[in-house]
Every structure is written in structure tokens, then in C-alpha cells.
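Engineer: If you want the building blocks of each chain, they are given just below.
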Amino acid sequence: MATTTRTSGKAPLSAYVLSVLTALVLASIVGAIASLFYDENRLLGFVIFAACTAGTFFALGWVLFVSKYTVEPDEHAEDNIEHRWYDKATSGAFHDIITTAGIALFILAITRLEVSGLVVLTLILVLAVVSFAVRFWVARRRDS
Amino acid sequence: MENIIAEQRGERSWSQAHLAALLGVSRQTVISIERGRFDPSLPLAFRIAEVFGCRIEDLFTPQATPVSDPEKS
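So the protein lines, in turn, are chains A and B. So for the first sequence, our numbering puts the first residue at 1; every next one is plus one. So for the second sequence, our numbering puts the first residue at 145; every next one is plus one.
Possibly wrong hints are sitting among the right ones.
[Unchecked claim] Taking lysine to any residue pairs in the SDA-like style, the calculated list, with each CA pair at most 20 Å apart, reads:
| id | chain 1 | residue 1 | chain 2 | residue 2 |
| --- | --- | --- | --- | --- |
| 1 | A | Lys10 | A | Leu21 |
| 2 | A | Lys10 | A | Trp62 |
| 3 | A | Lys88 | B | Arg181 |
| 4 | A | Lys88 | A | Leu125 |
| 5 | A | Lys10 | A | Val20 |
| 6 | A | Lys88 | B | Leu186 |
| 7 | A | Lys88 | B | Gln172 |
| 8 | A | Lys88 | B | Asp183 |
| 9 | A | Lys88 | A | Ala128 |
| 10 | A | Lys88 | B | Ser185 |
| 11 | A | Lys68 | A | Val17 |
| 12 | A | Lys88 | A | Ala77 |
| 13 | A | Lys88 | A | Val138 |
| 14 | A | Lys88 | A | Val129 |
| 15 | A | Lys88 | A | Val126 |
| 16 | A | Lys88 | A | Arg142 |
| 17 | A | Lys88 | A | Ala139 |
| 18 | A | Lys88 | B | Gly180 |
It should be emphasised that the hints constitute simulated quantities derived from the structure, not laboratory data.
Please model the complete structure; the sequences and the hints are all you need to start from.
Structural biologist: This is the structure we're talking about:
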């Protein structure tokens with residue numbers, strides 16, 4: 001996060017429509033791709049992946065089409081204490097991931113355990129989110 | 145770093161929100177600076193000094209930390 005932002009004004013209706021359309025199209029594409037890997041129930045695969053990614057793609061559409069009307073850059077974002085909390089939380093989470101990944105790799109190398117990539121990536125993601133959230137909360141409590 | 149921002153703000157009857165708006169930062173930033181829990185960046189310190197019409201060193205006082213002289217050691 002390079003800058004924080006401030007809200008202002010409303011976007012035209014076309015911008016919201018474009019963001020929704022972007023979400024529908026991209027989610028449908030992901031659903032279609034996912035369905036190719038589901039031999040038994042392709043429709044279910046399509047629906048699940050399209051539904052799960054629609055929210056994220058709507059956010060992307062909002063950033064691309066709506067935010068330029070509703071959000072203005074904050075010139076002094078880096079001077080805010082919230083920016084420092086963010087920096088401390090992200091750097092701390094990064095170190096947590098490096099340390100944990102190193103230890104986990106060491107254990108896997110010794111034990112020769114085979115772990116699914118899906119499981120590993122999920123754990124890394126959860127660790128990153130939890131570590132960031134806790135560190136941000138602690139910094140906020142300490143500095144407020 | 146200690147500071148007298150709260151006193152200066154009080155003399156002008158400004159709220160923390162008003163000072164934050166003048167400085168272009170969040171109210172939480174002003175609160176934390178006044179409590180001495182957040183040392184502002186140099187650009188922000190200059191803006192604070194400008195808002196109060198004084199110099200940075202009139203507002204901020206560094207905590208006493210001995211400065212070592214490399215020639216003596």
C-alpha cells in the first residue's frame with residue numbers, strides 16, 4: 001500500500017455497470033476454465049469458481065472504473081501513523097513467513113513428507129493474513 | 145520525543161480533528177504525536193511548525209540521549 005485514500009463524490013452509473021460487467025465476465029472465464037478440470041460435474045465447478053471469484057473481480061472492476069471518481073489520492077498518506085502500523089505489520093508478517101517457511105522446509109526435507117501445494121499455499125496465505133492482522137492490531141493498541 | 149503540540153493547539157482552541165485537517169493527516173496521527181507515541185516525519189514536522197508559526201525545535205524536544213564523541217573514545 002503506497003498511499004491511503006480519501007473518498008469524494010459519486011461515480012456515474014456507467015462506472016458501476018462496468019465494474020459489475022467486469023466481475024461477471026472475469027468470474028465466468030475463471031468458472032469456465034475451472035470446469036475444464038472437473039470431468040464429473042462441470043456445471044458445479046463453473047458455478048462454484050465463478051461465485052467464489054465474483055466478489056474479487058467486482059473489487060477489481062471497482063478499482064478500475066469507480067475509484068477514479070470516488071477516491072482521491074492522499075498526498076500525505078505516508079505521514080500518518082496508520083501507514084507506520086501498516087509498514088510494521090507487513091514487514092513483521094514477511095519475516096514470519098520466511099521463518100515459518102524455512103522451518104517447514106527443513107522439517108519436510110528431513111522427514112521426506114509429501115505435502116500438497118494447495119495445502120502449503122493456503123497455510124502461507126492464512127499465516128500472512130493472521131500475522132498481519134495481529135501485528136497491526138498490536139501496533140494500533142500500543143501507539144493509540 | 146517530547147512536544148508541546150497539545151498546548152499550542154489548546155492555546156488556539158483547535159480540535160485535534162481541525163489540526164489534523166490542517167496538516168493533511170488522520171486525527172489518530174495527531175493524537176499519537178501529542179501523546180509522544182509517534183515521532184512525525186521531517187516533512188510533517190515542518191508542516192506542524194508552519195501551522196503554529198514557529199520552528200521545529202520550539203515544538204519538539206529530543207529525549208536526553210548521550211551523544212558519543214568518536215574522537216574521545
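Engineer: Taking only the CA atoms, is the gap from A:Lys88 to B:Leu186 under or equal to 20 Å?
Structural biologist: Within the cut-off at roughly 19 Å; holds.
Engineer: For a C-alpha distance cap of 20 Å, please report whether A:Lys88 and B:Gly180 respect it.
Structural biologist: holds, 18 Å
Engineer: Given the hint that A:Lys88 pairs with A:Leu125, does the C-alpha gap stay at or below 20 Å?
Structural biologist: holds, 18 Å
Engineer: Are the Cα positions of A:Lys10 and A:Leu21 separated by 20 Å at most?
Structural biologist: Holds, at about 19 Å.
Engineer: Quickly compare the C-alpha distance for A:Lys88 and A:Arg142 to 20 Å and report which way the hint goes.
Structural biologist: holds, 12 Å
Engineer: For the pair supplied as a hint, A:Lys88 and B:Gln172, confirm whether the alpha-carbon distance does not exceed 20 Å.
Structural biologist: holds, 17 Å
Engineer: With the threshold set at 20 Å, check whether the alpha-carbon distance from A:Lys88 to A:Ala77 stays at or below it.
Structural biologist: holds, 15 Å
Engineer: Check whether the Cα positions of A:Lys88 and A:Ala139 lie no farther apart than 20 Å.
Structural biologist: holds, 8 Å
Engineer: Is A:Lys88 within 20 Å of A:Val138, Cα to Cα?
Structural biologist: Distance of about 10 Å is within 20 Å: holds.
Engineer: For the pair supplied as a hint, A:Lys88 and B:Asp183, confirm whether the alpha-carbon distance does not exceed 20 Å.
Structural biologist: holds, 15 Å
Engineer: Measure nothing beyond the straight line between the CA atoms of A:Lys88 and B:Ser185; if it is 20 Å or shorter, mark the hint as holding.
Structural biologist: Holds, because 15 Å separates the two Cα atoms, which is no more than 20 Å.
Engineer: Is the Cα-Cα distance between A:Lys10 and A:Trp62 20 Å or less?
Structural biologist: Holds, because 12 Å separates the two Cα atoms, which is no more than 20 Å.
Consistency note: the structure conflicts with none of the earlier hints.
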